[in-house]
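Chemist: Chain by chain, the residues run as shown.
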Amino acid sequence: KAGVTQTPRYLIKTRGQQVTLSCSPISGHRSVSWYQQTPGQGLQFLFEYFSETQRNKGNFPGRFSGRQFSNSRSEMNVSTLELGDSALYLCASSLASAADTQYFGPGTRLTVL
Amino acid sequence: AQSVTQLGSHVSVSEGALVLLRCNYSSSVPPYLFWYVQYPNQGLQLLLKYTTGATLVKGINGFEAEFKKSETSFHLTKPSAHMSDAAEYFCAVSESVSGNQFYFGTGTSLTVIP
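Taken in sequence, the protein lines are chains A and B.
Residue numbering for the first sequence follows our numbering, beginning at 7 and increasing consecutively.
Residue numbering for the second sequence follows our numbering, beginning at 22 and increasing consecutively.
Simulated from the structure, these hints should not be mistaken for lab results.
Computed from a predicted structure; not experimentally measured.
Where hints are given, some of them may not hold.
Unchecked claim - With a cut-off of at most 16 Å between alpha-carbon atoms, the simulated EDC-like pairs for lysine to aspartate or glutamate come out as follows:
1) B:K70 <-> B:E87
2) B:K70 <-> A:D106
3) A:K63 <-> B:E92
4) A:K63 <-> A:E81
5) B:K90 <-> B:E109
6) B:K70 <-> B:E116
Chain B with its partners taken away, still in its complex shape:
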């Protein structure tokens, strides 16, 4: 069965510091990988996704992620944290054989310290 692991349910960084949110997945077929962000009392907003092609993917708000097949990872990074980045982040995986069913990680709550 497909599974997504996000290491660290809570991450705190100082404003201006590097943001690194980890995501590992298990999949027996080539996966499609997504990162979403959720602000309080709102739905999920897509940050970036990987389907095929270049393994380094750039998204909105300065975020990027790299698909590493050998490590089955899709970690999310941002060089310099901003106060507005404080939110819940979810990694998600879908597979071509599963229709459009997403498997989500448990989420990482990011706190940015001024």
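Chain A on its own, in the form it takes in the complex:
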């Protein structure tokens, strides 16, 4: 079974631009979660999508948004990029419930200049 894939793996943007990251979950998984990882803040939860609906949301500004498609693939968008948005963005997929293991992709490394 193929794992979680994320594209692109690396991205360089400048302040004020917007960016879209993509995540393809493991086949059969309906839940997709997004995390931001930085050296200072660690792993922070952004949001979770389940069956095309946002089920949980972390404490991030509205510049961070996401969506999920009918095939469970998910995209995350960040508008008006700031220097502090530089981070590793991780996507994780799971079957459905809180007891299910989340399987992580390799991440997208975003650098904002």
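Based on these hints, arrange chain B on the given structure of chain A.
Modeler: The following block gives chain B in isolation, referenced to the frame of chain A:
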């Protein structure tokens, strides 16, 4: 609010020595507990998890963890450290009432000294 505390952001052990990484959580409902490992420039890989049943959980690569409800702890251990165990380790908690939202600890960087 849910919180996860990992005591010791950096732990060093000698090769062959016991590995002990600490994790404490706060939860008002029965939690689901996970340990993940992250190697440089990679995503997170599940080591083990506790959902229900036996409180001593065995995972991959010789790691195990014990859920102690009275101490709200889920410490990770390995009897004998190997050089390949050097990595970042994260404890995570989810709750049945929160969908599939994980709360992560700040991580512990494990160094293995030859």
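Chemist: A separate judgement is required for each hint: does it hold in the structure or not?
Modeler: Consistency of the hints with the structure:
1. B:K70 <-> B:E87: Roughly 10 Å separates the two Cα atoms, so the pair holds.
2. B:K70 <-> A:D106: 9 Å, holds
3. A:K63 <-> B:E92: With Cα atoms ~29 Å apart, K63 of chain A and E92 of chain B exceed 16 Å; violated.
4. A:K63 <-> A:E81: With Cα atoms ~15 Å apart, K63 of chain A and E81 of chain A stay inside 16 Å; holds.
5. B:K90 <-> B:E109: Judged against 16 Å, a Cα distance of about 25 Å means the pair is violated.
6. B:K70 <-> B:E116: Distance ~13 Å between K70 of chain B and E116 of chain B Cα, so the pair holds.
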